[in-house]
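J.: Be aware that the sequence shown starts at 1, since it is given in full-length UniProt numbering, and climbs by one per residue.
Simulated from the structure, these hints should not be mistaken for laboratory data. Misleading hints may appear alongside valid ones.
[What the hints assert, rightly or not] Below 20 Å or equal to it, Euclidean Cα-Cα: the simulated SDA-like pairs (lysine to any residue) are:
id, residue 1, residue 2
1, LYS111, SER92
2, LYS111, VAL60
3, LYS111, VAL96
4, LYS111, ASP86
5, LYS22, LEU69
6, LYS111, LEU5
7, LYS111, ASP78
8, LYS22, LEU5
9, LYS22, PRO73
10, LYS111, HIS132
11, LYS111, ARG88
12, LYS111, LEU69
13, LYS22, LYS111
14, LYS22, ILE9
15, LYS111, TYR91
16, LYS111, ILE9
17, LYS22, GLY98
18, LYS111, PRO55
19, LYS111, PRO73
[Unchecked claim] Okay, the calculated beta carbon distance ranges per label pair:
id, residue 1, residue 2, range
20, ASN34, SER109, 17 to 23 Å
21, ASP74, THR104, 29 to 35 Å
22, GLU21, THR112, 40 to 46 Å
Ideal Cβ placement from N, Cα and C applies to all residues, glycine included.
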Amino acid sequence: MNPELQGRIFPPIAPYLVGREKVREFARAVFATNPINLDPEAARAAGHADIVAPPTFAVVVQERTLAQLLAEPDAGIDFSRVVHGDQRFSYSRPIVAGDELTATLRVASVKTLGPHAMVTAESTITDAAGEHVVTAISTLVVRGDDA
Numbered sequence: 001m002n003p004e005l006q007g008r009i010f011p012p013i014a015p016y017l018v019g020r021e022k023v024r025e026f027a028r029a030v031f032a033t034n035p036i037n038l039d040p041e042a043a044r045a046a047g048h049a050d051i052v053a054p055p056t057f058a059v060v061v062q063e064r065t066l067a068q069l070l071a072e073p074d075a076g077i078d079f080s081r082v083v084h085g086d087q088r089f090s091y092s093r094p095i096v097a098g099d100e101l102t103a104t105l106r107v108a109s110v111k112t113l114g115p116h117a118m119v120t121a122e123s124t125i126t127d128a129a130g131e132h133v134v135t136a137i138s139t140l141v142v143r144g145d146d147a
């Protein structure tokens, strides 16, 4: 794994329009049963413009930024050897249907642990007005040849 990736910032991804049915599908897949995740009336009654995505929905947008990292020719990442190590989110506000989100990935750290490497990637996700919505932080473990 290329340690020079640390600090690299990738170009923003194309905007992602959060669809109501995508949020519902995701909510069902993760067994989110709160009515604000499924019913626009319940979401509006709770003060939201539309249905609210479950907190882990941010990975849908983040995945597009991680694809940039994994496709980077000089990264030295063999995807067949990648294991997801950690996932965290830091929200400014919930994601709601109708949001147009853009994300930018920054490689926060690259560490070597014996034959293995760990890369922590931070995807900053903003809305159409450029306001912060969530930062999704993933740590990927790249297993070494011995593993």
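J.: Is the Cα-Cα distance between LYS111 and ASP78 20 Å or less?
T.: holds, 16 Å
J.: For the pair we were handed, LYS111 and PRO73, check the Cα-Cα distance against 20 Å.
T.: holds, 19 Å
J.: Do the alpha carbons of LYS111 and PRO55 lie within 20 Å of each other, as the hint requires?
T.: Judged against 20 Å, a Cα distance of about 28 Å means the pair is violated.
J.: Tell me if the straight-line CA distance from LYS111 to LEU69 falls inside 20 Å.
T.: Given that 20 Å is the threshold and the Cα spacing comes to 16 Å, the pair holds.
J.: Keeping to a limit of 20 Å between CA atoms, is the pair of LYS111 and HIS132 held or broken?
T.: violated, 28 Å
J.: Can the restraint linking LYS111 and ASP86 be considered satisfied, given a maximum Cα separation of 20 Å?
T.: holds, 14 Å
J.: Straight-line Cα separation of LYS22 and ILE9 no greater than 20 Å?
T.: violated, 28 Å
J.: Are the Cα atoms of LYS111 and VAL96 separated by 20 Å or less?
T.: violated, 35 Å
J.: Hinted pair, alpha-carbon criterion (20 Å max): LYS22, GLY98. Please report holds or violated.
T.: holds, 11 Å
J.: Hey, LYS22 versus LEU69, does the alpha-carbon distance stay inside 20 Å?
T.: violated, 25 Å
J.: Keeping to a limit of 20 Å between CA atoms, is the pair of LYS111 and ARG88 held or broken?
T.: Satisfied, since the Cα-Cα distance of roughly 18 Å is no more than 20 Å.
J.: Sort out whether TYR91 lies within 20 Å of LYS111, counting only the CA atoms.
T.: violated, 26 Å
Checked against the numbered hints above, the structure violates hints 1, 2, 3, 5, 8, 9, 10, 13, 14, 15, 18, 20, 21; every other hint is satisfied.
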